[in-house]
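*Asks:* Relying on the hints, combine the two individually framed chains into one complex.
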Amino acid sequence: MIRFDSVSKHYPDGTKAVDELTFEAPTGQITVLVGPSGCGKTTSLRMINRMIEPSGGRIWIDDQDTSTMDETELRRGIGYVIQHAGLFPHRTIVANIATVPRLLGWNRARAEARALELLERVGLPAGFARRYPAQLSGGEQQRVGVARALAADPPVMLMDEPFSAVDPVVREQLQDEFLRLQGDLGKTIVFVTHDIDEAIKLGDRVAVLRAGGHLAQLADPAYLLAHPVDDFVADFLGKDRGYRALSFQGSPAFSLTQEQTVPLGATPAQAAGAARDGWVLVVDASRRPLGWIESGRVKSPIKPEMLHRGGTVATVGGPLRNVLDAALSSPSRRGVMVDDEGAFVGTIRAHEVLAEIEERARPELEDQEARA
Amino acid sequence: MTWLGDHLGDILGLTVRHIYLAGVPLILGLFIALPLGWLARRYKGLYPVLIIGTGLLYTIPSLALFIMLPFLLGTKILDPINVIIAMTIYTVALLVRTVADGLGSVPEEVNQSATAMGYQRVRRFMSVELPLAVPVISAGLRVAAVSNVSIVSVAALIGVEQLGSLFTDGFDRAFLEPIIVGVISCVALALLFDGAILGLTRLATPWQRAGEGSS
Ligand SMILES: Nc1ncnc2c1ncn2[C@@H]1O[C@H](COP(=O)(O)OP(=O)(O)O)[C@@H](O)[C@H]1O
Ligand SMILES: [Mg+2]
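Chains F and V supply the protein sequences, listed in that same order. At position 148 of the first sequence the residue is numbered 148 (the working numbering), and the sequence of numbers has no breaks. At position 47 of the second sequence the residue is numbered 1047 (the working numbering), and the sequence of numbers has no breaks.
Extracted from the complex, chain V is given alone in its bound form (with noise of 0.2 Å):
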């Protein structure tokens, strides 16, 4: 394990790299999703289209995504940017729908109460809708979330730096240790993802724990 100890510096770099790269677009794709989701929601012809529509983007394989988007966008080949849009497409294919379903989960009943006291548009989505959807959401931000961490990786096939360089550079070398340490640290990430998801959710939720004691 002496590679493990001379490394630990560029594992934890690598790290926060793969951290900034998984992490920012899923905060990115939700803030996409939510106005999304919403008119998918609003206007019933929409929302096939934009369900079939972005769950399409999803397939596009990611190492294709990120070759293409330099062209298409004139970045530079090596720019993290590009990352950082193929991964919030991907989050935006997996959220809209869920934020769709998020809204739809909310009562009928409480959404008209809410119109008939006088909340408009907007503050009844914001007040009312979003914090009733955020359970539905939230599932659905914990998936993206893993899928992040795990699609990543592959950026490391086009040099961008992040723990799936671990594994090209195991594989150059033919040497297991890196492969087994990134597959590793991968895995605490996405844990890490699920679990920060998974505690912002229950502090936003205080209602959803209030039934159970009682009745």
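So here's chain F without its partners, still in its complex pose (with noise of 0.2 Å):
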């Protein structure tokens, strides 16, 4: 648990880049602090492992107050991950990774061997260990980057901005892949970024700050989707905010509609059988789902080319939003659903969806009130 106790940051120059900032990042959980450029969320951020002191207020991790310990042999037990991985261009990326695990003094062998396991373990050839940085490109930088994070495995993780400078279907994978690890993992992890759909994304708690280091909103990402505190949250978390919200909802076992499906090379003939309201669904040997086609237009047995791609699938018990997108995508209106292998289960109308999400009532106002 890493704990803010009224922590400020002013500068001789009058800015007050964090103003008596008080929270509480939980064990094992990742607190993102998310918040408009210029805030103060890398300032918050350094003053955990003291690259920028306080001017002000404590810092607690677990029940060590920081200010109380040797700088060097705290950061050495912080895992950082920076914005363009930071990583040293003359080491090669082995040694790259080895550089805490070397600092706290382990042999080369021994260090050398917990860096290979990490490069596989963040998805990366062994065959990198001997490149050097500049030979990588932004996304694997940016890999090596968490490696060497968590080489010394330290139960404290920070992570400034770590994938903002990669392009968005990197990022995606990046950040999944992130999330799969951390659920091995479970680091306590304070991580930055000015991207609200990221914090959605990868946040257990989002703290959401405004000009000046000051926390507007503590709460877990589907509470702040449904219950702004005010009007800079609530702008800050941007329009789509009840869709957006679906993302943290399971979906009940709903009862779908059973359809005839035909496969690839189908004639048209067996399509116009299968047809209900002149859609049919084509699905692979597993029984995968490939595409919908309108019945009327098969002229000739069915080719991969001429499927409609347009709809989304969704997974049964997976996030409403899957569900209804599933629905709302599908050219026949159909939302198709699979199980857990990707085989297809049957469809749901978005009617159906709306009732289900009707019928919730909204998450609670426990006691999640922000405590800015």
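Calculated directly from the structure, the hints in this document are not laboratory data. We put the CB at the ideal spot given by N, CA and C, even for glycine. Mixed in with the good hints, there may be bad ones.
Said to hold, decoys possible - Cross-link-like lysine to any residue pairs, in silico, SDA-like; alpha carbons within 20 Å at most:
no., chain 1, residue 1, chain 2, residue 2
1, V, K1044, F, D13
2, F, K303, F, G273
3, V, K1076, V, I1158
4, V, K1044, F, I52
5, F, K187, F, P154
6, F, K187, F, T66
7, V, K1044, F, K187
8, F, K239, F, R210
9, F, K187, F, Q29
10, F, K201, F, G186
11, V, K1044, F, Y11
12, F, K16, F, A211
As the list claims (entries may be wrong) - Going by beta-carbon spacing under 10 Å, a handful of chain V positions derived as facing chain F:
no., residue
13, P1131
14, V1134
15, G1195
*Replies:* Put into structure tokens, the structure is as follows:
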């Protein structure tokens, strides 16, 4: 657990970068600090490992006051990942990852073995070990940055916009893998971003900051979307809040509509026979959905390029948002549902999903009130 | 070319002395410039003072420095130590800025992440900042090396023997051959220094060539 206790940072020029910030980042969870540029996120993060000394207040890690700890020892026990990874250009990838273990006095063989293990863990081939950072793409460097931060297995990780400088597709991959990794490791993470979608996706808890390092609201993502505490938070969250909040609600066991499906190569007659309201779903040999087709337009055996690709697919029991989207995006208006193996199990209509949503209460105004 | 044939041994001896008088100050100067350059980088107020101050040293005419040093230091006028010290001063004059700029060329996020991982100041300097500053420092060192090889020859005027002695010798006897041989030897020596520094730099910076093949 990391605890900010009325922490302030005032610069000599009068800038109040952070003002009386109080919050807790619970053990084993991802706490995201999000807010507009210049609101004091980086400053707050760097006060944790004392790269910046607070001008007031205290920061605790578990029951230790960080200001009483040895700076160097404190830092070696905290993983740190930044935007452009900040890898050492003159060291190989394996040497980069082994940095903190080496600083801690591990022998070379042990540090390297650990580094190779982490290389694999973050999804990079062992062949990268002897390369230099300049030989890796931005996304790959960022993975190395994460591996390097994890090398000495620190209980705490600080991450400052680690995925902001890579393109959206890679960013999404990195985010997914980061969540998977955290699922295994359960580190206490403070994650800084200016991107509210990233905050909502990654955070167990999200702290929205406003200029001057003031905490506007701290809550879990679903609650935040449902109950922004004021206009600032609401504007910052942006539009589609109601829709996005559905990401955090699992779907019940809907009773799905059974569909007759056809395989690739089906004849016009077979397609017409299976179609309902003019549309039929095509599946592969493992019953995985391939796409919809309008039976009236089938003049020859069905080939892949004839299929309508627009519809999304939702997993049974997955977030309501995905189920609703499957229905909304389907050309037949029937949302395609699959099981965990990706095999087709049935369809659902948007009104059925909406009926379920209307039945539900909004996330409760429990004890999650902002502590700003 | 009988003169050259008769004096090959002498020329070799002069060359060795030239290497010594130009090379040792290069190394001494580098070691003095490293901490000064670091200070100039570390304390913003010191930067202009150190850069302008050491820069001015370079404008002192070499002959004047060679003559003044024995008085200032109480050394003998013919002692080569005067030349060594003078050349060290010139090397420092050229290298402080180079070192400061070299350290400045280290990406800020690299320094930040080194600090965040728990590098203490000296170790960070030795194992992160300095290696990354090598390409810039090496470029400055090559300029200083060529400059040293050239300036050292002036020391012939105060009687310290090296390749420059061939110029005074040829001048005294109105004889062109030693002068030509001296010029060619100096140029060759400058190229040798340059090549040596370039080679060592390549050895020290394998990472610099790493990015070339890919992407
Ligand atoms: N060394 C400094 N001196 C004065 N002001 C600073 C300094 N460092 C940061 N600031 C100011 O503090 C505020 C917060 O900065 P920062 O924490 O980097 O913001 P963020 O990471 O949220 O974008 C900004 O207004 C910034 O200009
Ligand atoms: Mg920032």
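*Asks:* Okay, which hints does this one fail, numbers in order?
*Replies:* 7, 15
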